[in-house]
Amino acid sequence: MESVNAESLRKTYGREKLLAVDDVSFSVSKGEIFGLIGPDGAGKTSVFRILTTLLLPDSGTATVDGLDIIKDYERIRKRIGYMPGRFSLYTDLSVEENLDFFATVFGTTVEENYDLIRDIYIQIEPFKKRRAGKLSGGMKQKLALCCALIHKPEVLFLDEPTTGVDPVSRKEFWEMLKRLKMQGITILVSTPYMDEATLCDRIALMQRGHILSIDTPQRIINAFPDHLFAVKTGDMYGLLRALQSNKNITDSYAFGEYAHVVLPPSGISPEDVQAYLQQQGVAGIEWRKADVTIEDCFIKLLKV
Amino acid sequence: MRTLKFLLQKEFRQILRNSMIRLAIFVMPVVQLIIIPLAADYEVKNINLAVTDHDHSAYSQQLVSKITASGYFRLTSYNNSFKEAFKAIENDKADLILEIPRGFEKDLIRENEQKLFVAVNAINGTKAGLGGAYLGEIIKDYNNDIRLKLVVPESFNPFPVIDITSSNWFNAEMNYYFFMVPGILAILVTMVGGFMSALNIVKEKEAGTIEQINVTPIKKHHFILGKLIPFWVLGNIIFSIGLIVARVVYGIVPVGSLPVLYACISMYLLAILGFGLLISTFCETQQQAMLIMFFFMMIFILMGGLYTPIESMPGWAQVIAQFNPAGYLIEVIRMVVLKGSGFRDITPHLVKLGIFAIVLNGWAVFNYKKTS
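Just so you know, the protein sequences line up as chains P and F, in that order. Quick note on this note's numbering: the first sequence kicks off at 115 and runs consecutively. Quick note on this note's numbering: the second sequence kicks off at 10 and runs consecutively.
So here's chain P without its partners, still in its complex pose (with noise of 0.2 Å):
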């Protein structure tokens, strides 16, 4: 069954027009998690905002757990939980307050619902008489998240819910949303780190508004066509212009401490490649095969 379904959505800001979201369809399982992937900017938010009646699309029609946005978007709110980018709960109230005020809203009580946050609860009921704006980033995040869950919804909208939380924090976050996911609840979820993208079923690369591509990350990695290669040296300013200045190379970029270098299909061969770059006074290389990441995926689709 659909859980969510977006068909040509399409919004633009302002007397200028400026497209945020460009005819952008898609439609998430029940019980899947479904990220959107894509840098700052790419229309991600707007998304989110229209699927949780927020924003009103120019055009396009959208159904969330079977209802449409537009229509029923008071049902609609019954059954979401959004968890907003920006850390959005009652900074003056207290832990325990924010939560039992989010519950009553939704006509429910904190101990209706209890199992569903009880594992991410625990977390920070020591802190429960402490105001929210006193919390950590990491423990804010947490809050939000029982929130934002509170009520049991069908559909669970996070928004960068990552975005400035650190390493551990983090894998946390997204340990807690396997087990949603095991409750039966739809997550859609937002992020510019591309290494969150393989914690999540299916994944809608976006850029500019646009979708690229929409699969599972471990199609959307064995779809890359060409070789990828790691290459490593002293002098990676040097490295970088001299794969840039060969035309047989497909492309070449910074990843990390490494340059990565795509090669096509057919045609030029590593040696070659390793050849030219000495013959380049690129000395010292070190060089592998290196496993395609979705970034990878990402840069290869932006190219296209």
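Wrong hints could be hidden among the right ones.
Unchecked claim - So, partial list: chain P residues that the calculated Cβ filter (under 10 Å) puts toward chain F:
{"no.": "1", "residue": "E130"}
{"no.": "2", "residue": "F140"}
{"no.": "3", "residue": "G145"}
{"no.": "4", "residue": "S173"}
{"no.": "5", "residue": "F201"}
{"no.": "6", "residue": "Y204"}
{"no.": "7", "residue": "T205"}
{"no.": "8", "residue": "V224"}
{"no.": "9", "residue": "H265"}
{"no.": "10", "residue": "D349"}
{"no.": "11", "residue": "A373"}
{"no.": "12", "residue": "L377"}
Said to hold, decoys possible - From the derived model, a few chain F residues whose C-beta atoms are all more than 10 Å from chain P:
{"no.": "13", "residue": "K54"}
{"no.": "14", "residue": "Q71"}
{"no.": "15", "residue": "K75"}
{"no.": "16", "residue": "T85"}
{"no.": "17", "residue": "K92"}
{"no.": "18", "residue": "N152"}
{"no.": "19", "residue": "Y186"}
{"no.": "20", "residue": "I222"}
{"no.": "21", "residue": "I253"}
{"no.": "22", "residue": "F303"}
{"no.": "23", "residue": "P357"}
{"no.": "24", "residue": "I364"}
No lab work stands behind these hints, which were simulated from the structure alone. Idealized CB from N, CA, C, for every residue including glycine.
Add chain F to chain P, keeping to what the hints say.
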């Protein structure tokens, strides 16, 4: 109803937890009500007088001491030439010059007539007008004294004279506080209610909490009511504190009934809070809301009849004043506190305030959009 209850609980918690707001609500109005009426006094006193006496006679001495004995004037310079006295005006040491001509006493007795010259620094119009009038009165009085001495009074006045005796109603002793304190109380309720409500929704916009509220099934009118009711209650509390201060500090006991007063303030609070909420639905930041509210506050205060009567404003200004809810409140509070007006007398005001309340709140609910 349960939702509203929790919204109210949340609002009260947030308001009362903020120590600056607590101070602004409970302490500042009291301080202002004690300070402002004492300081902002209509009576002009301590007018600086420069006397140029060319006569130096017993009569001129008498005149000057009569003027200084009145208590309104302070003799700051006493000299022989007008030029010197004018210098005192230029240096802001004198507000008025009284010039007594040479031969003042001699000519007054011999020719039964003499002229005095009064020059007034009219930069401050009120002070100049009142100072000149006071001085004129004192000189007239002095003139009568001389006449009594020189002329044998006849048993009947040869000229027909209308003698005026006045009596002041509702404020027999023309006590200035009786007039000002109720008006200032009205302004304080307006300021606290207007600003608090205008800043409140905007604060949720700034903090982003409104996003979270907007995805909940909370109804728009519940949300607005949740914002309105706490400030309505606080407004009534401020008003009550103000009445107590007026009684304890200034001895003002309302002549009219308290239910009439509270009916009026309750209706008024709905109107002014609605106005604040309306502004906050238009603004995105607290700074914007503050600036816009400040602009309207100035109009409410200066065109509300607190300092200058609305009736003496030009026609177009009176039309604008019609749309100033604060003006109605100031008028009604004065009517009830000083004159003892009842429900029947203030019904027109209540109806108008009611219309303000319905229009402004309705507009605020309409304008608050959960979806953009």
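Each hint tested on the structure:
1. For P/E130, the shortest C-beta to C-beta distance to chain F is roughly 17 Å, which exceeds 10 Å, and the interface hint is violated.
2. Annotation: interface hint on P/F140 violated; nearest CB of chain F at approximately 21 Å, more than 10 Å.
3. Of the supplied interface hints, the one on P/G145 is violated, with its beta-carbon coming no nearer than about 21 Å to a beta-carbon of chain F, more than 10 Å.
4. Because the closest C-beta pair between P/S173 and chain F is about 16 Å apart, greater than 10 Å, the hint is violated.
5. Against a cut-off of 10 Å between C-beta atoms, the interface hint on P/F201 holds, since the closest Cβ of chain F lies about 7 Å away.
6. A cut of 10 Å between beta carbons decides the hint on P/Y204: the least distance to chain F is about 6 Å, and the hint holds.
7. Hint status for P/T205 relative to chain F: holds, with the closest Cβ pair at about 7 Å, below 10 Å.
8. The criterion of a C-beta within 10 Å of any C-beta in chain F is not met by P/V224, whose closest approach is roughly 12 Å, and the hint is violated.
9. Against a cut-off of 10 Å between C-beta atoms, the interface hint on P/H265 holds, since the closest Cβ of chain F lies about 9 Å away.
10. The interface hint given for P/D349 is violated, since its Cβ lies 46 Å from the closest Cβ of chain F, which is over the 10 Å cut-off.
11. The interface hint given for P/A373 is broken, as the beta carbon of that residue sits about 40 Å from the closest beta carbon of chain F, more than 10 Å.
12. The closest approach between the C-beta of P/L377 and any C-beta of chain F is roughly 47 Å, which is over the 10 Å cut-off, so the hint fails.
13. No beta-carbon of chain P comes within 10 Å of the beta-carbon of F/K54; the shortest separation is about 49 Å.
14. The beta carbon of F/Q71 sits about 71 Å from the closest Cβ of chain P, which is more than 10 Å, so the claim that it is off the interface holds.
15. A cut-off of 10 Å between C-beta atoms confirms that F/K75 is not in contact with chain P; the least separation is 66 Å.
16. Non-interface call for F/T85 relative to chain P: holds, since the shortest CB-CB distance, roughly 57 Å, exceeds 10 Å.
17. Distance to chain P confirms F/K92 as a non-interface residue, since its nearest Cβ pair spans about 68 Å, more than 10 Å.
18. Taking the minimum C-beta to C-beta distance to chain P, about 71 Å, the non-interface status of F/N152 holds against the 10 Å cut.
19. Remark: the non-interface label on F/Y186 is consistent with the geometry, its nearest Cβ contact in chain P lying 39 Å away (cut-off 10 Å).
20. Annotated as non-interface, F/I222 brings its C-beta within 10 Å of a C-beta of chain P; the closest such distance is 8 Å.
21. Annotated as non-interface, F/I253 keeps its C-beta farther than 10 Å from every C-beta of chain P; the closest such distance is 30 Å.
22. Every C-beta of chain P lies more than 10 Å from that of F/F303, the closest at about 25 Å, which supports listing it as non-interface.
23. Every Cβ of chain P is farther than 10 Å from the Cβ of F/P357; the closest lies at roughly 41 Å, confirming the non-interface assignment.
24. Even its closest Cβ contact with chain P, about 31 Å, leaves F/I364 beyond 10 Å, as expected for a residue assigned away from the interface.
Violated hints, listed in ascending order, are 1, 2, 3, 4, 8, 10, 11, 12 and 20; each of the other numbered hints is respected by the structure.
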